[in-house]
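What follows is each chain in one-letter form.
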Amino acid sequence: MRTSVDKTLKMYVGGKFIRSESGRTTPATSAKGRPMNVAAASRKDLRNAIQIARGAQAGWAGRTAYNRGQIFYRLAEILDDRADGLPTTEADTLSAADRAVHFAGWADKITALLSSLNPVAHTYVNYSMVGPMGVILACPDPADGLTGMVEALCGPLVMGNSVIVMVSAEQGELAVALSEALAVSDFPGGCVNILTGDVASVIGHGIRHDDLDAVYLLGEAVDSSLIAEIHTENARVMRRFIQAPRSTEPAPPGRLVQLAEVKTVWMSSAIMGGGGAAY
Amino acid sequence: MTKRTDAKPALQLAGALDLSPAPESCPAPIKSRYGHFIGGEFVDGDDHFTTVNPATGEVLAEVAAGSDETVDQAVKAARKAADGVWGKMSGADRGKFLYRIARRIQERSRELAVLETIDNGKPIRETRDVDIPLAAQHFFYYAGWADKLQYAVPGGNPTPLGVAGQVIPWNFPFLMASWKLAPALATGNTVVLKPAETTPLSAMLLAEILQEVDLPPGVINIVNGAGRTGGAVMGHPDIDKVAFTGSTNVGRIIMRQIAGSKKKATMELGGKGAHIVFADASLDQAVEGCINGIFFNQGHVCCAGSRLLVEESIAEEFLERLKRRVEVLRIGNPLDKNTDIGAINSVKQLGTINKYLDIGKNEGANVWQSPCPVPDKGFFLPPTIMSGVQQTDTVVREEIFGPVLSVLTFRTPAEAIKKANDTEYGLAAGVWSEKNSKLFEVAHALNAGIVWANGYNLFDPASPFGGVRHSGFGREGGIAGLWAYMGGIS
Amino acid sequence: MTSTFSPEAAREWRSARVDDATINARISRVRSRSIKTDTKVRLLKLALSMIDLTTLEGADTPEKVRALCRKAEQPYAALPDLPHTAAVCVYPNLVPVAAAALGADRTVKIASVATGFPSGHVPLRLKLAETEAAVAAGADEIDMVIDRGAFLSGDDEKVFNEIAAIKGACGKARLKVILETGELGTLDNVAAASRLAIAAGADFIKTSTGKIKPAATFPVVLVMLEAIREHYLATGEMIGMKPAGGIRDAKTALHHLVLVAETLGAAWMTNEWYRFGASSLANDLLRQLQRREDGYYQSPRRFSVD
Chain U
1 MRTSVDKTLK MYVGGKFIRS ESGRTTPATS AKGRPMNVAA ASRKDLRNAI QIARGAQAGW
61 AGRTAYNRGQ IFYRLAEILD DRADGLPTTE ADTLSAADRA VHFAGWADKI TALLSSLNPV
121 AHTYVNYSMV GPMGVILACP DPADGLTGMV EALCGPLVMG NSVIVMVSAE QGELAVALSE
181 ALAVSDFPGG CVNILTGDVA SVIGHGIRHD DLDAVYLLGE AVDSSLIAEI HTENARVMRR
241 FIQAPRSTEP APPGRLVQLA EVKTVWMSSA IMGGGGAAY
Chain E
1001 MTKRTDAKPA LQLAGALDLS PAPESCPAPI KSRYGHFIGG EFVDGDDHFT TVNPATGEVL
1061 AEVAAGSDET VDQAVKAARK AADGVWGKMS GADRGKFLYR IARRIQERSR ELAVLETIDN
1121 GKPIRETRDV DIPLAAQHFF YYAGWADKLQ YAVPGGNPTP LGVAGQVIPW NFPFLMASWK
1181 LAPALATGNT VVLKPAETTP LSAMLLAEIL QEVDLPPGVI NIVNGAGRTG GAVMGHPDID
1241 KVAFTGSTNV GRIIMRQIAG SKKKATMELG GKGAHIVFAD ASLDQAVEGC INGIFFNQGH
1301 VCCAGSRLLV EESIAEEFLE RLKRRVEVLR IGNPLDKNTD IGAINSVKQL GTINKYLDIG
1361 KNEGANVWQS PCPVPDKGFF LPPTIMSGVQ QTDTVVREEI FGPVLSVLTF RTPAEAIKKA
1421 NDTEYGLAAG VWSEKNSKLF EVAHALNAGI VWANGYNLFD PASPFGGVRH SGFGREGGIA
1481 GLWAYMGGIS
Chain S
2001 MTSTFSPEAA REWRSARVDD ATINARISRV RSRSIKTDTK VRLLKLALSM IDLTTLEGAD
2061 TPEKVRALCR KAEQPYAALP DLPHTAAVCV YPNLVPVAAA ALGADRTVKI ASVATGFPSG
2121 HVPLRLKLAE TEAAVAAGAD EIDMVIDRGA FLSGDDEKVF NEIAAIKGAC GKARLKVILE
2181 TGELGTLDNV AAASRLAIAA GADFIKTSTG KIKPAATFPV VLVMLEAIRE HYLATGEMIG
2241 MKPAGGIRDA KTALHHLVLV AETLGAAWMT NEWYRFGASS LANDLLRQLQ RREDGYYQSP
2301 RRFSVD
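Protein chains in written order, with the working numbering: chain U, 1 to 279; chain E, 1001 to 1490; chain S, 2001 to 2306.
In short, the hints are calculated from the structure, not lab data. By construction, the Cβ of each residue, glycine as well, lies at the ideal position given by its N, Cα and C atoms. Warning: the hint list may mix true and false statements.
Said to hold, decoys possible - Label-pair ranges, simulated between beta-carbon atoms: (1) K1435/E to P245/U: 46 to 52 Å; (2) G2168/S to P1371/E: 40 to 46 Å; (3) Y127/U to P1371/E: 39 to 45 Å; (4) D2081/S to T1394/E: 58 to 64 Å.
All chains should be built: construct the whole structure from the sequences, respecting the hints.
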């Protein structure tokens, strides 16, 4: 019998596979029943990830929508290709691939759908557009598997944010599989990051970090007792907190808009003798 | 035939035109005592406080301070209306009530303007031309949404949230009430509204209007009082949605208060708006923009352009232009139609502003104040410009909420953007240039909910208003203004 | 001293930029000024004293000009203490009539349009000859039109040199340069033309001929006042302002006075530096003043038509 090659389960930050700076790991069991040591994200790992995500955000949002759409689609291609090999059910992987396809299609449309040209009673062109919030910490419901992780990262990303997806050690192997797909999907390093470890503790650190713009929880991502604490800490910095149901369905536009900021621009538009001008 | 002088030419602007008093004379009766408006009826209160005319310091009326029981009554009345008549009414019919309110506001607009000016201290020119007409326009705008909500979010199946608790500030008492009430009602919610304690009168006149239009009892309930009453509204267990406009500090308190509840929230909080003027701007209009940006409503504006960032090459000249324009602003009786700058809303706020002026002086700022004559009673402050300040100074970082402009300089667009975004706030910003590519680039790069390009402090119900970061979240106005009051969309 | 054209200066004039949306906001603030009681009386009289009482019709007759002069000297017999208007404004051919009517020791000035008014489409030598003739006949002031075609085609040098030449032909007469803003198309152009005219030697800049609409609108006047202000602050040299055309009622005139007071200040609040080119305005000012006396509004028919 052949001796298998066990995988070292690292986290994915800034386009690189890293161990926790703390050197800590959490024991878990692989899909094939092998014992594993999953990297356990520390407070400093989160801080680093936030800093890297912040640095990558403008570059990601600055890409053309067409380009971003193709990158989502590339993720779907890779997941589809690996459907029978990932440490989850084939159905879950295919569903995750389909989810990525869904968001690939939003990338160059959602802004048009949620933005508006506002007919103000002034000689200004007034438009509102949805734009990124910045850096979002997203936590999928563990029960949603790979689909949940893809959902958790696609929503923030499609709105131009960078995202840090936080999953538990139990999902460490799956998270690494997703990271490996992301690493070859042309997402620029740092705009999507995956941490593994104790979700509640990492969120607990995250909400005490002022440079995090939003916390996005799907389904039963965390114990409900943590919710009040998240709210309370968020109050200090007016951080956005988006709670959503499980990832059975992709985020509808009404949720995507919560993962974005509405920005309104008034652009003066009057020439002498023009409509509305007092000339 | 031309006249030449050797001295540095100076214009005689201050006092160039004496204007006889032109007081607005429309009557606006004030009762000696006000209670609350609950379930469609005016009800008496127990404890009372006073509201004063900030232009004279005289007491205008006694106003009830709502107790927890009062708030509970109001919430019950709102719940009954939400579950009953209002919740069951068709959108089209709800809309017609909002249209009625809009029309009544227009009809009684001058009375409302006078009342607002007396209670708040802001000039009649603003209440007459901005606050009240814009309030009517908000009701008119959202009236039209009431039967079209399913189109407000693609794929949404919107439902009302239930009862909204709304706490409004003293800087635009009637307008902020309208900004909050109109979308809440259009989306089928009912409301418990708490006006600011220094400016309760126009909301009480609104209550009369609500009776005139036969708005079903309980749809809008108004509970007077100060912070404690506001806290009781926000914290009431049967409130589904809280909407607050005010300081970031109070916003934090409310957010902590409702932490862990299922309440939805929108927060419209403080700001420290950057106002960027490039050398290629239309300078005289940029000056006008600065005037509108910081001296509108005595600078009691959360989105005020309180940080002027001017390109270094024109900074000195621009400041001269600005001062020349400021010199002709008239400060005085808010009821006089020619008054440009009225009274500071309260003696407390005047103290806060003066504290910042002292801090500015201690930090080395050059403080310039308009030489315009200032009334000797009431709470007034001449328009003030602080130059020689830097990004690190308190007066540049903190919201002063008064007619005080800080002036900084920059050299490149990148530096302007960096300095503008160097703030914990993100409500509004302005940018002036005659180069379109620069306008768009900078406008989009500014981290703020609203950016005025070649303009400042323009408002419209079709245009969403609200900030990012510590300036709060959620939008008021426009389609986005509906989202905060609808369930079933995400 | 004659002015010399410089391309660098022309580029500077042409770089003037005006934001129309905000200038309208500024104007609406001026137009909301409420002018009451004492201020109103004072400004009505001041406005009256600033009028260039004008008749510029093909059908003008000596009789009409004589009547105009009489009215300029004493606007309304019932109120004998009122100021006289600043000037009468007529075609060159009628300057001798006005000169005879007003006399040599006149207090009311004689302004004459010249330079192929109103279109200006005549050769420069005719413009110069016309100007010289009007001055010789007794004109104290010359209201010339600029060559709008040349300005709009970018030939600033031609426009400039014409103004400078006419200025030379004016002798002691003050030169008012009509930009005809209604044909300039944008406020940027109004700002550029104002600067050009001032640099070329205008004593006054004037909005319009009265033959083209729109004429003296508030945004246009403000842009011109700002050009005057810039010039004054740079050089200490005062330039006069004359809005003309479309100012028919007292309220509009008074708001123009607010605009000049708030833009240029007290020194311009005199008919030496500010004029209204108008005909029917005088009657509305008189009607308002009479109302202050009587306490009721007169029918417009009570005042002579010219």
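Next item on the list: Identify every previously stated hint that the structure contradicts and give their numbers, smallest first.
Entry: none
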